[in-house]
Amino acid sequence: MKFKIIDVEEIYNNDNNLKKENVNMLMEWAEKQPHLPKVSELIMACFLHSCFYKIEAAKSAIDVYFTGSTVNPDMFQFKNVLQDPMVKRTIDNNLVVILPKKAPNGDSAFLLVPSVSPENYHYPSQCRVLDAQRMIHLHEKGPFTGIHIIIDLKNVVFGHFIKLSTTAMAVKNYLYILQEGLPVRLKHIHFINIVSFMDKILALIKPFMKKELQEKLRVHTDINSLYTYIPQDLLPVEYGGSCESSDVLKENVKKLLVDNEDFLIAQDALVVDESKRTERNEKLNDVFGIAGSFKKLEVD
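Residue 1 is where the sequence shown starts when you use my numbering, and the numbers rise one by one after that.
Note that these hints are calculated values from the structure, not bench results. It should be emphasised that the depicted structure is a prediction, and the values quoted were computed from it without experimental measurement. Ideal Cβ placement from N, Cα and C applies to all residues, glycine included. It is possible that some hints are incorrect.
Derived DSS-like pairs (lysine-lysine); straight-line CA-CA distance at most 30 Å [what the hints assert, rightly or not]:
#1 200 - 172
#2 88 - 20
#3 172 - 206
#4 59 - 154
#5 255 - 101
Ranges between beta-carbon positions, derived for each pair [to be verified]:
#6 151 - 105: 20 to 30 Å
#7 169 - 238: 28 to 38 Å
#8 258 - 10: 18 to 28 Å
#9 215 - 255: 32 to 42 Å
#10 20 - 214: 32 to 42 Å
#11 56 - 280: 15 to 25 Å
#12 105 - 10: 35 to 45 Å
#13 21 - 203: 45 to 55 Å
#14 255 - 276: 33 to 43 Å
Kindly produce the complete structure, drawing on both the sequences and the hints.
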């Protein structure tokens, strides 16, 4: 089913701290950055919300997000996404879903359950499927109050870790964008059904995490401790929740992406043009290895 884009005025009405005049200031700034794409007021509002209404932080997040998504199309671009064999295998064999119900405080949960076979697990495609859902949510419902990422390792064997290791650069780039650019408020990352080589997984990802993100990691040796953060009721029936089964959720994700393919493809136009960047961003250059020419302009 195709979704309807939320009226940005509804977002302002629901959040007294989100000021239209501040979003307008952000949009005026963006118009003076020739390398940035033209972004809707709705998405600008989502960035400002995710940065706790701090305009300078939102400016940085916007540049990080659109630069990072441009140079990492395998995780953030949607053209032919439904024809991509690896994306198809990801949707069919892995559960990658934003759970439909929200916690009483408004928080949302992203549930990731890798496939039984490592052959059907592909980190960049997982990110791509998840980001498509995130993009639709922001346009349909506005900003997330807060998000919890739940990673269930019940099917994971050492072969998954080997597969993940081969995409370490994608892991690095995604975690940087998650920390510095993604327009969401991340509460915690939860691991459940822990495996014997959990130390190796953490050793792979922690070097790419700032201290603040590392402090948001939660490794649950008992799944019941997860429910102190996320009500069990939000989860699929297999976890004792009242949400649909994992199989139904997979089909729902597939239908969501199919029905809104035109919208997703249109988002691919929101890319940076490095040849128009007026001032080199050394940090982004170091992280993403940006190459291109830079012009020097006087901008009021």
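Checked hints:
no.: 1; hint: 200 - 172; result: 15 Å, holds
no.: 2; hint: 88 - 20; result: 40 Å, violated
no.: 3; hint: 172 - 206; result: 10 Å, holds
no.: 4; hint: 59 - 154; result: 39 Å, violated
no.: 5; hint: 255 - 101; result: 18 Å, holds
no.: 6; hint: 151 - 105: 20 to 30 Å; result: 21 Å, holds
no.: 7; hint: 169 - 238: 28 to 38 Å; result: 33 Å, holds
no.: 8; hint: 258 - 10: 18 to 28 Å; result: 27 Å, holds
no.: 9; hint: 215 - 255: 32 to 42 Å; result: 37 Å, holds
no.: 10; hint: 20 - 214: 32 to 42 Å; result: 36 Å, holds
no.: 11; hint: 56 - 280: 15 to 25 Å; result: 19 Å, holds
no.: 12; hint: 105 - 10: 35 to 45 Å; result: 20 Å, violated
no.: 13; hint: 21 - 203: 45 to 55 Å; result: 46 Å, holds
no.: 14; hint: 255 - 276: 33 to 43 Å; result: 38 Å, holds
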